[in-house]
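Participant: The task is simple: from the sequences and hints, build the whole structure.
Here the protein sequences line up with chains A and B, keeping their order. Taking our numbering, the leading residue of the first sequence gets 1, the next gets one more, and so forth. Taking our numbering, the leading residue of the second sequence gets 1, the next gets one more, and so forth.
One should not assume that every hint holds.
[What the hints assert, rightly or not] Mimicking DSS-like on lysine-lysine, the simulated pairs with C-alpha atoms at most 30 Å apart in a straight line are:
#1 B:LYS46 x B:LYS213
#2 A:LYS159 x A:LYS84
#3 A:LYS2 x B:LYS111
#4 B:LYS174 x B:LYS46
#5 A:LYS68 x A:LYS88
#6 A:LYS17 x B:LYS111
Source of the hints: derived by calculation from the structure; they are not laboratory data. Remember, predicted model here, so these are calculated numbers, not experimental data.
So the chains spell out like this:
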Amino acid sequence: MKIWIRQHASASLSAMKQIISAPGNFLFNVLVVAVALSLPITGLTLIENIRPVSDQLSIAPELSLFLKTDLTRTDAIALADTIKKMLKTAGTPAKLVFVPRETALTGLQNNSGLGDVLATLGQNPLPDAYVLSFEQHFELTTQQSSPVKIEALAAQLQKLPEVDHVQIDSNWIKRLAALMHLAQFMLVGLAIILSIVVVTVIFNATRLQVLSHRAEIRVIRLLGATNQYIRRPYYYAGALLGATAGLTALALVAAVLQPLNQAILEFASLYGSNFQLAPLNLTFSVYLLISAAILGLFGAFLSVRHQISQLS
Amino acid sequence: MIEFKQVSKHFPPGVSALSDVSFSIERGELVFLAGPSGAGKSTILKMIAAIERPTSGQVLVNGQDIAGLNTAALPYFRRNIGLILQDHALLLDRTILENVMLPLLIGGATKAEALIRANAAIEKMNLSDKIDAFPLALSGGEQQRAAIARAIVNRPQLILADEPTAYLDRDNAKKVMQALQAFSAAGVTCIISSHDEEFLVSASRVIYLNQGKQGDSWQSAA
Numbered sequence: 001m002k003i004w005i006r007q008h009a010s011a012s013l014s015a016m017k018q019i020i021s022a023p024g025n026f027l028f029n030v031l032v033v034a035v036a037l038s039l040p041i042t043g044l045t046l047i048e049n050i051r052p053v054s055d056q057l058s059i060a061p062e063l064s065l066f067l068k069t070d071l072t073r074t075d076a077i078a079l080a081d082t083i084k085k086m087l088k089t090a091g092t093p094a095k096l097v098f099v100p101r102e103t104a105l106t107g108l109q110n111n112s113g114l115g116d117v118l119a120t121l122g123q124n125p126l127p128d129a130y131v132l133s134f135e136q137h138f139e140l141t142t143q144q145s146s147p148v149k150i151e152a153l154a155a156q157l158q159k160l161p162e163v164d165h166v167q168i169d170s171n172w173i174k175r176l177a178a179l180m181h182l183a184q185f186m187l188v189g190l191a192i193i194l195s196i197v198v199v200t201v202i203f204n205a206t207r208l209q210v211l212s213h214r215a216e217i218r219v220i221r222l223l224g225a226t227n228q229y230i231r232r233p234y235y236y237a238g239a240l241l242g243a244t245a246g247l248t249a250l251a252l253v254a255a256v257l258q259p260l261n262q263a264i265l266e267f268a269s270l271y272g273s274n275f276q277l278a279p280l281n282l283t284f285s286v287y288l289l290i291s292a293a294i295l296g297l298f299g300a301f302l303s304v305r306h307q308i309s310q311l312s
Numbered sequence: 001m002i003e004f005k006q007v008s009k010h011f012p013p014g015v016s017a018l019s020d021v022s023f024s025i026e027r028g029e030l031v032f033l034a035g036p037s038g039a040g041k042s043t044i045l046k047m048i049a050a051i052e053r054p055t056s057g058q059v060l061v062n063g064q065d066i067a068g069l070n071t072a073a074l075p076y077f078r079r080n081i082g083l084i085l086q087d088h089a090l091l092l093d094r095t096i097l098e099n100v101m102l103p104l105l106i107g108g109a110t111k112a113e114a115l116i117r118a119n120a121a122i123e124k125m126n127l128s129d130k131i132d133a134f135p136l137a138l139s140g141g142e143q144q145r146a147a148i149a150r151a152i153v154n155r156p157q158l159i160l161a162d163e164p165t166a167y168l169d170r171d172n173a174k175k176v177m178q179a180l181q182a183f184s185a186a187g188v189t190c191i192i193s194s195h196d197e198e199f200l201v202s203a204s205r206v207i208y209l210n211q212g213k214q215g216d217s218w219q220s221a222a
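Facilitator: This is the structure:
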């Protein structure tokens, strides 16, 4: 056991010597691997920052009822009583606001920037509408759907002959949740692809190291070195390369967050928020460093096994 | 200790390096393999060190057939052999001390232990003043003596020397040969390939080879 520990200590020292003997090569490889690692780390940082915001998002759900365009104003206003009765029956108290088509058009002209286009239409294409704001607040996590009661009410309202279309205005939250899922899925895909890139870069770096030490390997083999003894320094060098690149990637991402946060702060302040992107926490960072070291070790393992078997 | 039984070695495409060679060497013998270049001397040494395997026949070292050595056993087998190559095979980026310590560290010795034994081996080869020098700063003779120090540091039972005096002047060649004779006198089996006739008289036995075939052997009366 003592011999085993001694030989591992000697191998790690030997790996350090290899790195010190060619610092330029090592730094170049670290940069290449760090750039590859920084992409998924950036994605992970963004998701980890957005997740708490989206998870805690709370809204007052709304239903928009768009009435048929041929409905008279009197019939449209009279529909309010029917809607109130239905709300009472469904047990979903809500504030009911009638939005006349003229008001909707004015709002659209003022806010959309399409005023000139809408003026050319000649007549108002918008219908009268009701907006139902429910008093009940509920959390919309990425997993949670709208309450069943509101969806059932929307289905009932859709059946009214005066109603053309019912829109549940909390649907965008579902879309955001779906988008988050998609982003996570794409991040996993990106991480897998870039892991392969990292392993390939370290495989090649190790291959060049082994080739440049061919004569030495030949000699120490004649002196009785086992394959494990020959391979160990390269394993340590690979793991060290991976870990250093991981650390560099974390530093790169943290450095990029500084100017990005200034821009985000300016934008967020317009909405009265002080939202900022934070670097990954310590636990996550340690996991990433370990993962990077394992990738480095794996790349070196594949390369050394291949090269040493070719040399023998 | 070493036995060759009708050993032949062919390299593709159809080059015969050894043909039906048989001999045995006892513990403590100083044996020269003599003959012109291409006679098969180096091939015999490589077979004893299990660097090459015979195409046919058997090579036994301490009763162990080298053909039966697997990858895992090979390094441990080689740790009992002191190998001196024609080109000395010192690692150029390490000092003489580091080179000599290497077999001990590979074998699992502590650094302190390796340091003591390497210093002793270097002193025996009269290279104590060159201990921190790199191989390229040494003369050919000094490099070869450093290689001998590395070969003996593990206290091997067997020393194989492939043309150890090939690139040396007379004085350095004599020093190297005297060192090898001293080890043989101490009970270490030494097998030396050489085509230098001057040193053959110091051998207990000479095995002549020519184009891979075994010629007459000469044995010292002593």
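Participant: Now look at each hint and say whether the structure bears it out.
Facilitator: Cross-check of the supplied hints:
1. Restraint check: the Cα-Cα separation between LYS46 of chain B and LYS213 of chain B comes to about 16 Å, which is no more than 30 Å; the hinted pair holds.
2. Annotation: proposed proximity of LYS159 of chain A to LYS84 of chain A holds, straight-line Cα distance about 15 Å (limit 30 Å).
3. Using a Cα cut-off of 30 Å, the hinted pair LYS2 of chain A and LYS111 of chain B holds, with the two alpha carbons roughly 13 Å apart.
4. Note on LYS174 of chain B and LYS46 of chain B: the hinted pairing holds, with a Cα-Cα distance of about 24 Å set against a maximum of 30 Å.
5. Restraint check: the Cα-Cα separation between LYS68 of chain A and LYS88 of chain A comes to about 24 Å, which is no more than 30 Å; the hinted pair holds.
6. At most 30 Å may separate the alpha-carbon atoms for a hinted pair to count; LYS17 of chain A and LYS111 of chain B meet this at roughly 17 Å.
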